[in-house]
Amino acid sequence: KQEVTQIPAALSVPEGENLVLNCSFTDSAIYNLQWFRQDPGKGLTSLLLIQSSQREQTSGRLNASLDKSSGRSTLYIAASQPGDSATYLCAVKAAGNKLTFGGGTRVLVKP
Amino acid sequence: NAGVTQTPKFQVLKTGQSMTLQCAQDMNHNSMYWYRQDPGMGLRLIYYSASEGTTDKGEVPNGYNVSRLNKREFSLRLESAAPSQTSVYFCASSPMKAGHTEAFFGQGTRLTVV
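Line by line, the protein sequences give chains E and L.
Heads up: the first sequence at position 111 corresponds to 111 in our numbering, and the numbers run straight through without jumps.
Heads up: the second sequence at position 52 corresponds to 1052 in our numbering, and the numbers run straight through without jumps.
It should be emphasised that the hints constitute simulated quantities derived from the structure, not laboratory data.
Backbone N, C-alpha and C fix where the C-beta goes; we use that ideal spot for every residue, glycine too.
There may be inaccurate statements among the hints.
What the hints assert, rightly or not - Dumping the calculated SDA-like pairs for lysine to any residue here, alpha-carbon to alpha-carbon at most 20 Å: (1) L:K1071 with L:D1026; (2) L:K1009 with L:A1024; (3) E:K68 with L:E1102; (4) L:K1071 with L:N1028; (5) E:K98 with L:S1075; (6) E:K98 with L:T1054; (7) E:K42 with L:M1041; (8) E:K98 with L:D1056; (9) E:K68 with E:A94; (10) E:K98 with L:S1051; (11) E:K42 with L:R1110; (12) E:K98 with L:A1024; (13) E:K110 with E:N18; (14) E:K98 with L:F1104; (15) E:K42 with L:A1002; (16) E:K68 with E:E3; (17) E:K42 with L:E1102; (18) E:K1 with E:T26; (19) L:K1009 with E:D39; (20) E:K68 with E:T58; (21) E:K98 with L:G1053; (22) E:K1 with L:V1060; (23) L:K1009 with E:G43; (24) L:K1057 with E:A95; (25) E:K42 with L:F1104; (26) E:K42 with L:D1038; (27) E:K1 with L:N1062; (28) L:K1009 with E:P40; (29) E:K98 with L:S1067; (30) E:K42 with L:Q1085; (31) E:K98 with L:P1061; (32) E:K42 with L:Q1107; (33) E:K1 with L:K1057; (34) L:K1057 with L:T1020; (35) E:K42 with L:A1024; (36) L:K1057 with E:A94; (37) L:K1009 with E:T45.
Said to hold, decoys possible - Just a sample of chain E residues kept apart from chain L, beta carbon distances all over 12 Å, derived: (38) V13; (39) T58; (40) S69.
Throw the hints in and build the complete structure from the sequences for me.
What follows is the structure in structure tokens.
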């Protein structure tokens, strides 16, 4: 059974600092891994998707890495801004097209 | 671009009542999913349908039933609602392919059972 864990559950940083969010999964036989952002009371916004054959994916200030063999992904957000405050969720897609989520990391960027 | 559409957006039920949450996608995706999200938690998979005609249980299926009506629509039914089913429900869809196949989500249904 695939289990996805995100540590820490919450993170508070001053504006300008780089954010490092972690996601680990127990079964390395994945199709892909997707990072989402969720604002309070809202739906999910897809940030980045990394295929199982890729090592990293970049979009603007966001960079996500994937180490499939060790079951880990890291989302880096450079030069954080108060607008980056949100909950960040990772999800892995595996056999049967099943999509499993981690518990999320709640981020607060203080001005 | 409608994407994934969920109805209703909000619902209040009394304990024991039944209701069906509707989900439709217009992206010709094979796979569809139902999740619930409780305060401060991630998304937990209730049921999913890898392709039209198939459905499988996720982590928390008890108290729910699903119907994959056709390729576009995947409904979630609560036969006898309980306060423990108070949650936000999300529907999602994705192509049935490995690799670069992004999942897309609806805006959620906020359900309160009193």
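Outcome of the hint check:
1. For the hint pairing L:K1071 with L:D1026, the CA-to-CA distance comes to about 9 Å; that is within 20 Å, so the pair holds.
2. Taking the CA atoms of L:K1009 and L:A1024, the gap is near 13 Å; set against the 20 Å cutoff, the hint holds.
3. Between E:K68 and L:E1102 the CA atoms are separated by roughly 18 Å; this keeps the pair inside 20 Å, and the hint holds.
4. Proposed proximity of L:K1071 and L:N1028 is supported: the alpha carbons are some 7 Å apart, at most 20 Å.
5. Pair hint E:K98 plus L:S1075 holds up; C-alpha atoms about 17 Å apart against a cutoff of 20 Å.
6. In summary, the hint linking E:K98 to L:T1054 is supported, as the alpha carbons are separated by about 13 Å, within the 20 Å threshold.
7. Taking the CA atoms of E:K42 and L:M1041, the gap is about 14 Å. The hint holds against a cut of 20 Å.
8. Taken as a hint, the E:K98 and L:D1056 pair is honoured in the structure, with Cα atoms around 9 Å apart against an allowance of 20 Å.
9. Between E:K68 and E:A94, the direct Cα distance comes to roughly 12 Å. Compliance with the 20 Å bound is thereby established for this hinted pair.
10. Simply put, E:K98 and L:S1051 have alpha-carbon atoms about 11 Å apart, close enough for the 20 Å limit, and the pair holds.
11. Proximity of E:K42 to L:R1110 is assessed by CA-CA distance (about 10 Å); at most 20 Å being required, the pair is judged to hold.
12. Taken as a hint, the E:K98 and L:A1024 pair is honoured in the structure, with Cα atoms around 19 Å apart against an allowance of 20 Å.
13. Distance hint between E:K110 and E:N18 is fulfilled; the C-alpha atoms sit about 12 Å from each other, no more than 20 Å.
14. Restraint check for E:K98 and L:F1104: the C-alpha separation of about 14 Å stays at or below 20 Å, so the hint holds.
15. Our distance criterion of 20 Å between C-alpha atoms is met by E:K42 and L:A1002, whose separation comes to about 17 Å.
16. Between the alpha carbons of E:K68 and E:E3 the distance comes to roughly 14 Å, so the proposed pair stays at or under 20 Å and holds.
17. Taking the CA atoms of E:K42 and L:E1102, the gap is about 19 Å. The hint holds against a cut of 20 Å.
18. This hinted pair checks out: E:K1 and E:T26 have alpha carbons roughly 8 Å apart, not beyond 20 Å.
19. Proximity of L:K1009 to E:D39 is assessed by CA-CA distance (about 17 Å); at most 20 Å being required, the pair is judged to hold.
20. For the given pair, E:K68 sits about 17 Å from E:T58 by alpha-carbon distance, which is consistent with the 20 Å threshold.
21. Straight-line distance between C-alpha atoms of E:K98 and L:G1053 comes to about 16 Å, which keeps the hinted pair within the 20 Å bound.
22. The straight-line distance between the Cα atoms of E:K1 and L:V1060 is roughly 14 Å, inside the 20 Å bound, and the hint therefore holds.
23. With a C-alpha separation of about 11 Å, the suggested pair L:K1009 and E:G43 falls inside the 20 Å cut-off, and the hint holds.
24. Using a Cα cut-off of 20 Å, the hinted pair L:K1057 and E:A95 holds, with the two alpha carbons roughly 14 Å apart.
25. Proximity of E:K42 to L:F1104 is assessed by CA-CA distance (about 14 Å); at most 20 Å being required, the pair is judged to hold.
26. Between E:K42 and L:D1038, the direct Cα distance comes to roughly 13 Å. Compliance with the 20 Å bound is thereby established for this hinted pair.
27. Pair hint E:K1 plus L:N1062 holds up; C-alpha atoms about 18 Å apart against a cutoff of 20 Å.
28. Distance restraint check for L:K1009 and E:P40: the Cα-Cα separation of roughly 15 Å lies within the 20 Å cut-off, and the hinted pair is therefore satisfied.
29. Between E:K98 and L:S1067 the CA atoms are separated by roughly 17 Å; this keeps the pair inside 20 Å, and the hint holds.
30. Taking the CA atoms of E:K42 and L:Q1085, the gap is about 19 Å. The hint holds against a cut of 20 Å.
31. Distance check on the hinted pair: E:K98 and L:P1061 sit about 14 Å apart at the alpha-carbon level, within 20 Å; holds.
32. A distance of roughly 7 Å separates the Cα atoms of E:K42 and L:Q1107; the hinted pair therefore holds under the 20 Å criterion.
33. Restraint check for E:K1 and L:K1057: satisfied, since their Cα atoms lie roughly 13 Å apart, inside the 20 Å limit.
34. A threshold of 20 Å between alpha carbons decides the hint, and for L:K1057 with L:T1020 the separation of about 17 Å falls inside it, so the pair holds.
35. Straight-line distance between C-alpha atoms of E:K42 and L:A1024 comes to about 19 Å, which keeps the hinted pair within the 20 Å bound.
36. In summary, the hint linking L:K1057 to E:A94 is supported, as the alpha carbons are separated by about 15 Å, within the 20 Å threshold.
37. Only pairs whose Cα atoms come within 20 Å are accepted, and L:K1009 paired with E:T45 is accepted, the gap being roughly 17 Å.
38. Here E:V13 stays apart from chain L, with its beta-carbon at least about 20 Å from theirs, past the 12 Å limit.
39. At roughly 15 Å, the least C-beta separation between E:T58 and chain L is larger than 12 Å, which holds for a residue marked as non-interface.
40. E:S69, annotated as away from the interface, keeps every beta carbon of chain L farther than 12 Å; the closest lies near 18 Å.
Taken one by one, the earlier hints all hold for this structure without exception.
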